[in-house]
Structures are given as C-alpha cells and as structure tokens.
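Peer 1: Spelled out, the chains give:
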Amino acid sequence: MNRRALRKAKNSAFLVLSLIATMTGLACLAAILWTLLSHGLAGMSWRLFAEMTPPPGSRGGLLNALYGSGVMTLLGILIGSPIGVLAGTYLAEYGRNSRLSTVIRFINDVLLSAPSIIIGLFVYEIVVVRMGHFSAIAGALALAILAIPVTLRTTEDMLNLVPIGMKDSSAALGAYPWRTTLSVLYPAARSGIVTGLLLAIARISGETAPLLFTALNNQFWSTQLNAPMANLPVVIFQFALSPYKDWQDLAWAGALIITATILILSISARVILAMLQSERGSGR
Amino acid sequence: MAIIDPRHAAKQLIYERIFRSATLSAAILVLLILGGVAVSLLRGAWPAISHFGFSFVTREIWNPVTDEYGALAPIYGTVVTSAIAMLLAVPAGFGIALFLTELCPPLLKRPFGVAVELLAAVPSIIFGIWGLFVLAPVLQRHVQPWLIGHLGHVPYVGNLFKGPPFGIGVLTAGVVLAIMVLPFIAATMRDVFDTVPPMLKESGYGLGATTWEVMWNVVVPHSRVGIVGGIMLGLGRALGETMAVTFVIGNAHRISSSLLAPGTTISSAIANEFTEAVGDLYTSSLIALGLLLFLITFTVIAAAQAMLRRLESRGGFAA
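Chains A and B, in that order, give the protein sequences.
The first sequence: position 11 = 12 (my numbering), numbered continuously.
The second sequence: position 233 = 236 (my numbering), numbered continuously.
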C-alpha cells in the first residue's frame, strides 16, 4: 500500500512538473507578445508609414525600412522559391529513390537548420566582395538561399500527398511526366505549395543576421538594387541598441510590425494545411 | 486515326528533357550551395588560418590594434551559452511534450500545440530585444542577487556566480537561448512520442503502470533515438543563433569563470564586428570564426538528422 502511494505521488509530481513546463512556455509567448504590444502600440502612428528613419533626436518613421524589407523579401522569394519547387519536384517525381535524392534531402535538411549568419558570410564572400560594396541584391540573394530549403521540403511533401491514381490516369492518357506534373500534380498540390511559400516568407522576413553584411542599412530612401538598402530587422537591431529614446520607440514599433506579419503568415499557413487535411480526411 | 503524331511526340520528348533537367539542376544547386558555403568560407578564412595556424583556436587574445586574434573566448562563450540553454530547455521541452501527448485534454491539444509552434516562428531579433529590455532587468534585480547570495560562497560552484549582477551576460544569453530552442525541442519530442504504437502504451497501463511509469519505461526507451535527434537539432539552433545572443551577452572578448560576466559567442562576434572590421587579417579572422561555426553546427545537425532518419525508416516518422 505504501509503495503504491509512493508511485502515485511520484506520478503526480512529474505530471505537475510537466504542467509547469507547459505553462512556462506559454507564459514566455504571452510575455513576449505583451511587451511587443505595449511598447509597439505606443509608437504606432501614421508617421511610421510616411517618413524615413530619422537621425537621432528627431522624429521620423520606418518607410524606407519597410520598403526595403518588402523588396528584398519579395526578390528573395522570387529567386528562391522556383528553385525550391523545382528541386522538390525532382525529389518527388524523378529521383524518388535514387541515391542522389537521399543526399539532397539530407543536405537540404542541414541547410534548413544551418545558422543564417553563415549564409550571410557566404553571400558576402561571393557577391559583396566581387561587387566591392554592399547591396540590396546581395541581401535578396541571402534571403533566397534561406527560402530554398523551406519551399523544397513542403513541395516534396505535398507532391507525395497527391493520390497516385491521378498520376497514373494522366500517364494512361499518354502524357509525359512534365505534362502530368504541370497540369495534374501542381494544381492538385497547389494549396500545399502555397503554404510552403507562406512559411518561407515568414522565415525570411524576420531574418537579421544574413542582412547585416549583405544589404547593410541605409538611412535614406533608396530604390537602387545595387546599393545598400534599409531593412526593418537591421534598423530594429541598430535602433534598439542605441541610447536614443526616439530610436528605441521606432525599434519597438518595427518589432511589432514584423512579429504581427510573421504570426499572421504562419497562422494562415496552418489554417490552409488544416483545411487540406480535413478535405483529404473526408474521403476522396 | 493518327493518335500519335510523330512530330508531336518528338516535341513532347524535348519538353520532357527540358523540364527534367530544370528540376535536376535545381536539385543539384542545393548541393552546390552547401559546397559553395564551405569553399568560400575556407577561402575567406585562409589568411587567418595560414597566419595563426592551429593556435587560432587555442588563444584567448582578440586585439584589433596589434592584429592578433584567437578564437578561444568566442568558442567558450558559444559552448557555455548553448550548454545553459540545453540544461534548461531539454527538461522543459520534455515536460511540454509529455503534457501535449499524455495529459492535455483533446480539445486543447491543437491550440496548445499551435502556440508552441508560434513561439518557434517568432524571429530571433524579437527574442533579443525582449531579452535586453525585459528579461535582463528581471534577472538583474531578482535572480542574479539571489544566485550571488546563496551560491556565491559554495566552494567550486561559487565561482560561477561571482561578481556584480550586470543583467546582461553569459547566463542571460543562455536563458534567452533556452526560451528560443524550447519550442523546437518540444515539437520534435511530441512528434517522436506520437510515433510510439498505442498498443505498447496500453499494455503498460494494462499492467497497472502510472502515466509517468508508462512514459519513462515504455515511451522514452522506444523513442530514444528520436529524443536525442530532437535535442541535437535544438543544440544546432542554439550554437548558431546570432541576434538573440548579440543583444544580451555583452560582447566582451574574454573568458571569465563567472556566468554573470559579459562574454561573446562566435556568431555574436561576427555580427558585431564584421562591418566595422578594418584590415584583411581582422576580416579573415572573423570569417575563420564563421568557418568554425559552420563545421560545429554542420556536425551537430547532420548527426541529428541521421538519428531522426533512422527513426523514420523504422516507423513512418516525418522529421
């Protein structure tokens, strides 16, 4: 009886500990969101979206940084996602069981978790050193390299979910694999692939380290791709560490904008995936 | 009825070849990127490697004025902050995974799981700014004085908690890292636990085992490889994390015995100094630091992937 009581007590103790761990994790998320909201909302105003980043001691906005982040993220996705989707197509359709595919899958998973600052150094070496100066296009390339593994992974997974019967039907009609892929598989896996793109955008739009020594930063409005360009993460980095109150307020506002964007993207990706699963679950 | 027009078939074959080679070259590009990273880092680091030789990784000195660089302090900082992070995040991650798989009411399973995953989506710079302005003052005021007061005089252990409570420093960086990698570890462990066949768990319960006993004696042994894989994936993140650490570590190129003192890590040294580095040897030394980080994280992540893959081939687990 005593032994049984001891076992039960041990059980309860560990279950309580696991509950505490979960609550701590949730509390961290809540604390971060709360800080962002309370500090960020205070700095929200129309100025953010209308004025450039200011010199210390004066008011201003984040327009050039928002623009730069938008341009570089967009370029990064435009360059990176086609490569990711095509490579994912190769793994799912052509080289499903080949040794090359096994190696590529492995390398891709390594790239997926590789430190982003390393990618920044790589692009610095191959682009910035060659060009002789920092540039927006270098930043976009660094982001593109980070987007590839995410899109590759989701594309392969989503193509593997397409019922084999659809592929066989297309082949039976005499279609070559390229035709089957473009006209049957891609449409069938469309929402899954779009999810991958959303996740990739979410991943790269908050990246700071790879932009530090590729795009650098720019205090002024610039649309030139071969010149340094302002971007939100690096502005947050510089402004948050500065001693000026105005700059710190702007950093918080920028942090709120970035986090809100990324959480909205991740949640929509999840909603699409959930819809996809329930669709498949209800018997097709 | 000419079903197959030979010209049409020839054209189809050409398209097929084009599409196939496009997908193949994209796939090979992934390999080239990793190879390119290794080669370009080695090339950029070469001046430093040839100048300092092996002593680069054994010396603590970091002096841009005399142009002397050693990587020991950043390596030490990287290892210690990651160790603190794992010490805190592994038990907590295990607890969260246990809660999500065994305890959580089914209705809350999804929202809680999503919340953990959202924590993983928050960009690292946000953890950095939060760590600097919120966590560091809290630690400085409430936690560090307690550590100094209660543990500072204990022999051996006491050395870790000496000196004034700065707020920022190695310990704070470790705590921020722990919060950052927690969702990765928890999510991977949860997925691994979900692969344990219900039959095994039910057998345990049928014998009268408690939830904890089933967890510790059935689920954990069965998913051991996956657990270690998940932990190492988290470790890979912690080792390479840049922005969150840069905000709170204090950026001092020295090794102090106290965890409360400022330090530096490989990634934060690069982030802080790279754009300001003047002179080829300085830049090259920072790239050599990057090369070191690449080698360390590559080994850890590759080992983690290999373990998770072993599990996958055994029982349908998607890493």
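Hints listed in this document are in silico derivations from the structure and should not be mistaken for laboratory results.
Heads up, some of the hints might be wrong.
In silico lysine to aspartate or glutamate, EDC-like type, Cα no more than 16 Å apart, as pairs [claimed, not checked]:
(1) A:Lys9 / B:Glu216
(2) A:Lys11 / B:Glu216
(3) B:Lys112 / B:Glu216
Quick look at which bits of chain A chain B covers, simulated, 3 or more residues with Cβ under 8 Å [as the list claims (entries may be wrong)]:
(4) 44 to 58
(5) 109 to 115
(6) 143 to 154
(7) 220 to 232
(8) 261 to 274
Every residue gets a Cβ at the ideal spot worked out from N, C-alpha and C, and that includes glycine.
Peer 1: Next, verify each hint and record whether it holds.
Peer 2: Hint check:
The straight-line distance between the Cα atoms of A:Lys9 and B:Glu216 is roughly 10 Å, inside the 16 Å bound, and the hint therefore holds. As the CA atoms of A:Lys11 and B:Glu216 are separated by approximately 9 Å, the hinted pair is consistent with the 16 Å bound. Using a Cα cut-off of 16 Å, the hinted pair B:Lys112 and B:Glu216 is violated, with the two alpha carbons roughly 22 Å apart. Residues of the stretch 44 to 58 of chain A with a Cβ under 8 Å from some Cβ of chain B number 0, which does not satisfy the need for three, so the listed coverage is violated.
Under the rule that three or more residues need a Cβ within less than 8 Å of chain B, the assignment of the stretch 109 to 115 of chain A holds, with 6 such residues. Coverage of the stretch 143 to 154 of chain A by chain B holds. Counting CB-CB distances below 8 Å, 4 residues qualify, and the rule asks for three or more. Taking a C-beta to C-beta cut-off of 8 Å, the stretch 220 to 232 of chain A contributes 0 residues in contact with chain B, too few for the three needed, and the coverage statement is violated. With a threshold of 8 Å between beta carbons, the proposed coverage of the stretch 261 to 274 of chain A by chain B holds, since 5 of its residues qualify and at least three are required.
Comparing the model with each earlier hint shows violations of hints 3, 4, 7; every other hint is respected.
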